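In the order they appear, the protein sequences are chains S and V. Position 398 of the first sequence, counted from 1, bears residue number 398 in the working numbering, the numbering being contiguous throughout. Position 384 of the second sequence, counted from 1, bears residue number 384 in the working numbering, the numbering being contiguous throughout.
Please keep in mind that the hints were generated in silico from the structure rather than gathered at the bench. A quick note: this is a predicted structure, and the numbers were derived from the prediction, not measured. Be careful, since some hints might not be right.
Since the list gives no way to pick one copy over another, a pair counts as held whenever it fits inside one copy or between any two copies.
In silico lysine-lysine, DSSO-like type, Cα no more than 30 Å apart, as pairs [claimed, not checked]:
no., residue 1, residue 2
1, 176, 582
2, 556, 406
3, 537, 287
4, 151, 406
5, 28, 151
Protein chains: 2
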Amino acid sequence: MKRKEFRKLISVDKAREIINSLQVIPGKESLALENVHGNILAEDIVTEINVPPFPRAIMDGYAVRAENTYACSETEPVRLRRVGDLPAGSDAKFTVLAGETVEIATGAPIPEGADSVVMVEYSSEENGTVSIYRPVAVGENIMKAGSDILKGERVLRAGRKLGTREIGVLSSVGKKEVPILKLQVGIISTGDELVRPGEKLAYGKVYDANSYTLYAGVQECGAFPLLYGIIPDNETVMKKALETAVSECALILTSGSTSSGAGDVMYRLIDEIGETLAHGINIKPGKPVVIGIIKDVPIIGLPGNPTSTLMIFNEFVAPLLRKVLGAETGLKKVENGIMGTAFRSEGRQQLLPVGLIRGRVYPADRGSGAITSLSEADGFIEIPPSTEFIEAGTPVEVTLFGEVEKPDLLIAGGFCPSLDLLENLSGLRFRTFYTGSSGGFSAIAANIADIAGVNMPSIYPGGQAGILYNIPTIENMKLSGAVLVKGYRREVGLLIRQNTPISGLSDLPGKRLINRNLGSGTRTLLDLKIAELAGKKGISKKDLTDSIPGYTSGAKSEVAICEAVASGKADAGVGIRNCAGKSGLKFIKFADEEYDFLIRKEVLETPEVRHFLKIFNSDEFASKLQAGIHVYEKTGEMISFE
Amino acid sequence: MKRKEFRKLISVDKAREIINSLQVIPGKESLALENVHGNILAEDIVTEINVPPFPRAIMDGYAVRAENTYACSETEPVRLRRVGDLPAGSDAKFTVLAGETVEIATGAPIPEGADSVVMVEYSSEENGTVSIYRPVAVGENIMKAGSDILKGERVLRAGRKLGTREIGVLSSVGKKEVPILKLQVGIISTGDELVRPGEKLAYGKVYDANSYTLYAGVQECGAFPLLYGIIPDNETVMKKALETAVSECALILTSGSTSSGAGDVMYRLIDEIGETLAHGINIKPGKPVVIGIIKDVPIIGLPGNPTSTLMIFNEFVAPLLRKVLGAETGLKKVENGIMGTAFRSEGRQQLLPVGLIRGRVYPADRGSGAITSLSEADGFIEIPPSTEFIEAGTPVEVTLFGEVEKPDLLIAGGFCPSLDLLENLSGLRFRTFYTGSSGGFSAIAANIADIAGVNMPSIYPGGQAGILYNIPTIENMKLSGAVLVKGYRREVGLLIRQNTPISGLSDLPGKRLINRNLGSGTRTLLDLKIAELAGKKGISKKDLTDSIPGYTSGAKSEVAICEAVASGKADAGVGIRNCAGKSGLKFIKFADEEYDFLIRKEVLETPEVRHFLKIFNSDEFASKLQAGIHVYEKTGEMISFE
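Next comes chain S alone, as it looks inside the complex (with noise of 0.2 Å):
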């Protein structure tokens, strides 16, 4: 394996200068009118018609000459003589002389001689004969003849985005093929150890994200894209894959294979067979991309990751796209946020993913290699290499990752299944961080979360018998910004498979166990429990753990424990009954644990908290509670600290 460093990087600046350099040019293409909702119109349309085409009646009545109404009143109708009847399309021809009338409906042309309609409502007919009530001007209730579009006149103009109105314009004016701009962009995505959603997952490999993030980011911004698929880290295939889609498009996107790792063979294949402009900017994450020309087809090379790829193609490629497709203002879909936390930055340009609630913006970094950092970020802000700390209340500006459809609460803390059916029944968009109780804790402390759902237990302070949960956690941090909201009761117990010798806690020493991790409820919880036992037993806890292979163990979810137990990796796990029925495990219960939610003051009164609450006091609720979970006494109860 030969490695090559990277070039100079060049920064975040002459990064743009050198993509707004790049010469893009969209082809035309024609397309159906009822498929050209949100492309781009390619030529001014002119059109060849007036409309309306005729002067029409814009009221249902009678087509008469004014002047033989002006006399008429209520009390004295004029009568005139019916000679015909105009339905609405008709393609009959009338001519309306004095004293005649046409009975004329919304929409039919006015007939020769006419000059104005009379409504139905100022009309009686009999026999033919028609009396008019009320006089009318000579105009009254018609629509000139290319009143509303003028023939010759440009409706359009080259450049417009097409949308409802757009539309409605050009089918009046009779356009059924409409020119647009088509921006073909290939998108090719590299690496060996990619395989395509649908296909079989093979060991060492992952399902290729960004061939299908690159293609609706593509389609947002109106352009076309155009899928090559996966192709391997070979020279030879890469070569031939890049001059097919050279052809073809107007721009290449690739993602990946552009670092200076081994097998990287992008840069070097640019620079073989076109030319490279640049080679890495100055800016996490964009040290790996690369930007260069084959054949006067601009290629951008973005980084592997997705989450890293998607917020350099939203920084630089889209208002690339949206520019060339003509696009002078909104090149990047922004919106303005205040930070509700403090965030510490690495002292270097960067790109920092972060989702935006209700105007309050919160880092949402997984790191690199995350995809969930991406579903948990509505966009990203830039933070300059000066900056190395940043205030919560700093007002910053996100860029969106396209159309994003923003939460409306932040959930942090423990794992439940209720906060599913919570989100399910009140329609609202929770994004839900399940940080274990701890973490739900300091979520709101830290002023991030809206809500933490928390299960901590404490003994008493006093060192009297039995459980107190989150109330002495949340004195202990002195929470004051914070209200508890008590929840419900859940059974916890040992999970096991069905077959397995355990029938309580006693049995645990010398089974294999798959333990929650550090911070989650549930472990505190057994730890407790634990104690009690060696309590009672006599002897150490410590002495107690050590004789459980795995005590120590910490899996991440109920999902985790239960997947341990089932496939005979341990031989017990920990965790909630309505866990271990969707597990096909035995349940044995050790406990009745309350699960409350921690609400930050300041958010209480917003209409999402208190629609949340709403639901979760509901009968609805209560009734539809999985197994092992249930509504007590308590459930609603608010405690506030001060």
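Chain V: place on chain S using the hints.
Positioned in the frame of chain S, the structure of chain V alone reads:
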């Protein structure tokens, strides 16, 4: 023709109640990942794999046992034996024992025995021996299996709108076929006067716009439109169409045929084969609306007029579609603005089409039957019956016509082809109303337009020879809130067919003239020139104009003038040189007029107006002006009025 009276009109609130109670039940469909953008997820997505599926390297380097590196340093590296090489995507399996290492690429699976990765930067390799210069901790540079997305986790909830991000998540978990909600909405246009765009327009016919605007509107909401085309006003044919649509769709939208006018069969048919829930909403233009149910499928009949249809669609139908597709918020697409001008209402409940430019709202109502009130409107406001007058400065809420691209500048005044040139060169989006110069002054006075193009001549106040442009009008109107930017000169003359024996104004008597409308600068200029000519001839101006047939005619635009002359309907018209050239007419110049820009002071410093002026003053603009239009020494001069 039978007529049926409207039933009792229902209130807007009642209409919303009825529409909200409609049972619209979307179907499900499975779409390939690349086609799901903008659709609504029909089922929860629970992943069947861990992401990443294995512990993976997040850096290029060497997989090691961390404990082997604890003692190393830059000066005293530890030496390990390289036992293998793991490029990304490799399925090779190695076991790393103490003293061993495997070269590993970003994304490759960590081999058995290794627990960390040393970055390539802190290593060197020679003959299979790797020197490590920095210790690593257990887990360093490794992403654990499932640490991003855990098997069994719900990654996306049913009802989620699928954007770029969501598509990224779906592909990461390998989901190729995605269950989405398919809300099929049938669209029927009715009216014997309608013709499909692209077909020949016979006498009495107009193009069908509603099919296509509704099609696009339904698409924007994330539902699936299905066009049934134009159905004639014939009960048998219509009944058959409705029955087909009912069997294929979850909701039917029709337009036209719902008023009580002649030939309007829709409401009678719904009564006959289904149930009518309401006929007529007490809001202009909701009177023709009919709501019913046929075989459990709701049907909503909309007005025939395109602007009315789109307003009723956005007010009542789009929120229903969004709600059925799971949205809880954003049911109506609204934006807040401030009335830029006063508006006198009819004292009844109404929806008023409005334009929205930089937060300023102005009425864009051209009356019933006009499609351009649509192309000139960005949405509409609801005016309650109690409001008779809306003052300028009143905050209003605008319901948008879907995803609209709003204009940058509102320009009124006299027609000039140079405005198209300015728009093209500046890239700004103009909304232009050719109101004539008089209309331009009024639009500035009323604070509606940002800029007016004006060419209004006056004789010198003192009786001095010659003509002054625009300034006397501004002074008469006391337009203190505006500045006049001197524009360019335009050659004005008579437009005649090539062989017409006219060589100047004095040849006009006895020839059929097509004049411009009152309020047009060009007409006023002709008036002054004719008065001058009459003076020279020693006759009264009235005698001279009486001798010119058609002198009092008033064509709304130069395009109409050219057409009247080219087609022989008139012998001479009046206009600028450029228009003559385009129509193959002969041009006989009688004056050089001055076309200037009147700009409201309030907007003078906005980026849009600054950019407009920059382009206007550019050499490129001057060099690209059409034949007969020239910049001159005054171009760009700015005159302020106090």
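Hint check:
1. 176 with 582: between (55 Å within a copy, 26 Å between copies)
2. 556 with 406: within (26 Å within a copy, 49 Å between copies)
3. 537 with 287: neither (60 Å within a copy, 83 Å between copies)
4. 151 with 406: For residue 151 and residue 406, only the inter-copy Cα distance (25 Å) is at most 30 Å; the intra-copy one is 45 Å.
5. 28 with 151: Within one copy only: 25 Å inside a chain, 45 Å across chains, cut-off 30 Å.
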